[in-house]
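Using the sequences and the hints given, assemble the complete structure.
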Amino acid sequence: MDETYKQIMPYLPGAWRQYISDLPPALLAETEEIRLRPEHPVLLRFHHQEGWLSGMGRLSQDLPMNFCFSGEDFRKTVLLITDSSYYALAEELRRGYVTLPGGHRAGVTGRAVLEKGQVRTLKDLSAVNIRLARHIPGLARPLLPLLVDRRGELCQTLLVAPPRAGKTTMLRDLACLLSSGALGQPLCCGIADERSELAALRLGIAQLPVGPRSYVLDGCPKAEGLMMLLRSMGPQVLLCDEIGRAEDVAAIAEAAHAGVKVIATAHGAPGEDLARRPALRQLLADKAFTRIVFLSRRLGPGTVETVVDEEMRPVDCPRNVCA
Amino acid sequence: MSVLKLVGGLLIMAATIGIGKLAAARLQNRCRMLFDLQQGLLSLASQIGYADLPLSRAMSGAAPAAGSAAPLFLAAAGALNEGQGRTAGDIWQDCLSDWQSGLRDKDIQILRALGPQLGLTGREEQLQILELTRLALAGQEKEALHYAGNFCRVWRCLSWGCGLVMVLLLL
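Protein chains in written order, with this note's numbering: chain A, 1 to 323; chain B, 1 to 171.
One or more hints might be untrue.
Residues of chain B clear of chain A, computed beta-carbon distances all greater than 12 Å [claimed, not checked]:
(1) Val-3
(2) Ile-12
(3) Gln-28
(4) Asp-36
(5) Ile-48
(6) Arg-104
(7) Leu-118
(8) Leu-127
(9) Ala-136
Residues of chain B placed beyond 10 Å of chain A at every Cβ, according to the derived structure [to be verified]:
(10) Thr-16
(11) Gly-85
(12) Leu-96
(13) Gly-119
(14) Gln-126
(15) Tyr-147
(16) Asn-150
In silico SDA-like pairs for lysine to any residue, Cα to Cα no more than 25 Å straight-line [said to hold, decoys possible]:
(17) A:Lys-123 to B:Arg-57
(18) A:Lys-287 to B:Glu-125
(19) A:Lys-123 to B:Gln-47
(20) B:Lys-106 to B:Ser-43
(21) A:Lys-123 to B:Ile-129
(22) A:Lys-123 to B:Ser-46
(23) A:Lys-123 to B:Gly-49
(24) A:Lys-116 to B:Leu-127
(25) A:Lys-116 to B:Gly-115
(26) A:Lys-123 to B:Glu-124
(27) A:Lys-116 to B:Gln-28
(28) A:Lys-116 to B:Tyr-50
(29) A:Lys-123 to B:Leu-127
(30) A:Lys-123 to B:Leu-171
(31) A:Lys-116 to B:Asn-81
(32) A:Lys-6 to B:Gly-83
(33) A:Lys-116 to B:Gly-161
(34) A:Lys-123 to B:Gln-128
(35) A:Lys-6 to B:Ser-46
(36) A:Lys-6 to B:Leu-42
(37) A:Lys-116 to B:Glu-124
(38) A:Lys-116 to B:Asp-52
(39) A:Lys-123 to B:Gly-83
(40) A:Lys-123 to B:Met-13
Worth flagging that the hints you see were computed from the coordinates, not collected in a lab. The C-beta atom is built at its ideal place from N, Cα and C for all residues, glycine as well.
Written as structure tokens, this is what we have:
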């Protein structure tokens, strides 16, 4: 069985482990998400398709209402993903997900418990979405030569892609490559991993490879995290996922002025006018990013569509990089 | 001959007194065990409510306060640490089944009822569930103390009395 599956199987109730593990190995290797709801069939999403689990190792496109994930199964799943410590995960549940060993993530929905107008935690969970994290070693290697300028220095880089297009996977591999010396000199990388997606730190140990000279600040708001890393670890490169708030923009500008290279990601579609996004407008106007990479999942997660410079001019894109 | 009779009489007395003491000790053990379980649950509530520890660490943290009930908490903590796709409820039930406690079925039922709720809810609910279980055990302890108070003396007197009667009959 796929190694990724071995890691998440203990989080599913007994019988369902068998139902899923009997799927064809090729499909198992392509699985991205397992969506669970009480008294509802199980939805599996793959790279290019999705299907309802309709029996042992069988998928259906029609809703198989006679093959549902029971309420008891769901209760067990909640216990398993929380290590039977639901009460201790209020902060994770407030953010809407629990990080599992191996860097996988169980996204959850339920009833929000409010305190002074803010979400304190979730209760009465109504759905669990197990998102399988897969490290793709070398995914960013063909892209790397496009992220250096004529002097051979790494550019300030923004990766832009819609959800599930491989932004995080690409960013993680960039951290791996840069800190391993893929540009000649190994670079010290600071990772502000606000949502525990990049390194998936668990008890201080990175569950996903981020490279030998990468230092991870986990669960900290990006803006604050970038500044803390800047002060504490003396990084040459700062990496953060999904910028979008005004304070993120200010922190990136500050880091760039401090002479540190920043590689960040943002939600967006290829061809989208990023200047229309309030948070990014200022960064683009200031030419804070000298490389903007648009990704899609057209040929699988991490497909590089275009790479442009600060003037939005395409950067020479070898055939093996751009799809 | 009289020496042999004396030795035999003493042996009979020792055996009956021993049986009586054993029965009395069993009653007292139940009281102590119920008290220790309450202390363990109080400590578990502290580990959850104040230290905010995950259940496996909360269980092992509660064990020292649990005295004679410590093996139950330690076994649960060990199994929770191993994980292996089992919920806290399943682990708790298995640990209770394996535990040689000397408690009565009614006491064990109270502990079993705790299993399905363990770790499933938020902090406040967990503290309430633990407190309810502790109060139920306190009720059982009160009853056990009353029972032990009456029957420990009965067992001791009975053991002496039976021993004496048997010795006198045999002599």
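Results of checking the hints against the structure:
Here Val-3 (chain B) stays apart from chain A, with its beta-carbon at least about 66 Å from theirs, past the 12 Å limit. Residue placement check: Ile-12 (chain B) keeps its beta carbon more than 12 Å from all beta carbons of chain A (closest about 54 Å). Look at Gln-28 (chain B): its CB is around 34 Å from the nearest CB on chain A, clear of 12 Å, so calling it non-interface holds up. Distance check on Asp-36 (chain B): its Cβ is at least 23 Å (rounded) from any Cβ of chain A, clearing the 12 Å threshold; non-interface status holds.
Here Ile-48 (chain B) does not stay apart from chain A, with its beta-carbon only about 6 Å from theirs, under the 12 Å limit. Under the 12 Å C-beta cut-off, the non-interface status given to Arg-104 (chain B) relative to chain A holds; the minimum distance is some 27 Å. A Cβ of chain A approaches the Cβ of Leu-118 (chain B) within 12 Å, the least distance being about 6 Å, so the stated non-interface status is violated. A beta-carbon of chain A is positioned within 12 Å of the beta-carbon of Leu-127 (chain B); the least distance is around 9 Å.
Distance check on Ala-136 (chain B): its Cβ is at least 21 Å (rounded) from any Cβ of chain A, clearing the 12 Å threshold; non-interface status holds. Against chain A, the non-interface label of Thr-16 (chain B) holds: every CB pair exceeds 10 Å, the least being about 49 Å. Listed as outside the interface, Gly-85 (chain B) is inconsistent with that label: its C-beta sits roughly 4 Å from the nearest C-beta of chain A, within the 10 Å cut-off. Here Leu-96 (chain B) stays apart from chain A, with its beta-carbon at least about 16 Å from theirs, past the 10 Å limit.
Not every CB of chain A is more than 10 Å from the CB of Gly-119 (chain B) (nearest about 3 Å), against its label as outside the interface. Distance to chain A contradicts Gln-126 (chain B) as a non-interface residue, since its nearest Cβ pair spans about 5 Å, not more than 10 Å. No Cβ of chain A approaches the Cβ of Tyr-147 (chain B) within 10 Å, the least distance being about 35 Å, so the stated non-interface status holds. The beta carbon of Asn-150 (chain B) sits about 41 Å from the closest Cβ of chain A, which is more than 10 Å, so the claim that it is off the interface holds.
Taking the CA atoms of Lys-123 (chain A) and Arg-57 (chain B), the gap is about 23 Å. The hint holds against a cut of 25 Å. Distance check on the hinted pair: Lys-287 (chain A) and Glu-125 (chain B) sit about 52 Å apart at the alpha-carbon level, beyond 25 Å; violated. At most 25 Å may separate the alpha-carbon atoms for a hinted pair to count; Lys-123 (chain A) and Gln-47 (chain B) meet this at roughly 21 Å. Distance hint between Lys-106 (chain B) and Ser-43 (chain B) is fulfilled; the C-alpha atoms sit about 23 Å from each other, no more than 25 Å.
Restraint check for Lys-123 (chain A) and Ile-129 (chain B): satisfied, since their Cα atoms lie roughly 16 Å apart, inside the 25 Å limit. For a cut-off of 25 Å, the pair hint linking Lys-123 (chain A) to Ser-46 (chain B) stands: about 22 Å separates their Cα positions. Note on Lys-123 (chain A) and Gly-49 (chain B): the hinted pairing holds, with a Cα-Cα distance of about 17 Å set against a maximum of 25 Å. Note on Lys-116 (chain A) and Leu-127 (chain B): the hinted pairing holds, with a Cα-Cα distance of about 23 Å set against a maximum of 25 Å.
Under the criterion of a C-alpha separation no larger than 25 Å, the hint pairing Lys-116 (chain A) with Gly-115 (chain B) is inconsistent with the structure, at around 33 Å. Annotation: proposed proximity of Lys-123 (chain A) to Glu-124 (chain B) holds, straight-line Cα distance about 12 Å (limit 25 Å). Between Lys-116 (chain A) and Gln-28 (chain B), the direct Cα distance comes to roughly 51 Å. Violation of the 25 Å bound is thereby established for this hinted pair. Our distance criterion of 25 Å between C-alpha atoms is met by Lys-116 (chain A) and Tyr-50 (chain B), whose separation comes to about 22 Å.
Note on Lys-123 (chain A) and Leu-127 (chain B): the hinted pairing holds, with a Cα-Cα distance of about 16 Å set against a maximum of 25 Å. Under the criterion of a C-alpha separation no larger than 25 Å, the hint pairing Lys-123 (chain A) with Leu-171 (chain B) is inconsistent with the structure, at around 75 Å. Note on Lys-116 (chain A) and Asn-81 (chain B): the hinted pairing is violated, with a Cα-Cα distance of about 36 Å set against a maximum of 25 Å. Taken as a hint, the Lys-6 (chain A) and Gly-83 (chain B) pair is honoured in the structure, with Cα atoms around 14 Å apart against an allowance of 25 Å.
Proposed proximity of Lys-116 (chain A) and Gly-161 (chain B) is contradicted: the alpha carbons are some 72 Å apart, above 25 Å. A distance of roughly 16 Å separates the Cα atoms of Lys-123 (chain A) and Gln-128 (chain B); the hinted pair therefore holds under the 25 Å criterion. Annotation: proposed proximity of Lys-6 (chain A) to Ser-46 (chain B) is violated, straight-line Cα distance about 35 Å (limit 25 Å). Using a Cα cut-off of 25 Å, the hinted pair Lys-6 (chain A) and Leu-42 (chain B) is violated, with the two alpha carbons roughly 37 Å apart.
Distance hint between Lys-116 (chain A) and Glu-124 (chain B) is fulfilled; the C-alpha atoms sit about 18 Å from each other, no more than 25 Å. Using a Cα cut-off of 25 Å, the hinted pair Lys-116 (chain A) and Asp-52 (chain B) holds, with the two alpha carbons roughly 22 Å apart. Among the hinted pairs, Lys-123 (chain A) with Gly-83 (chain B) is consistent with the structure: their alpha-carbon atoms are about 23 Å apart, no more than 25 Å. In summary, the hint linking Lys-123 (chain A) to Met-13 (chain B) is not supported, as the alpha carbons are separated by about 64 Å, beyond the 25 Å threshold.
Violated hints for the displayed structure, listed by number in ascending order: 5, 7, 8, 11, 13, 14, 18, 25, 27, 30, 31, 33, 35, 36 and 40.
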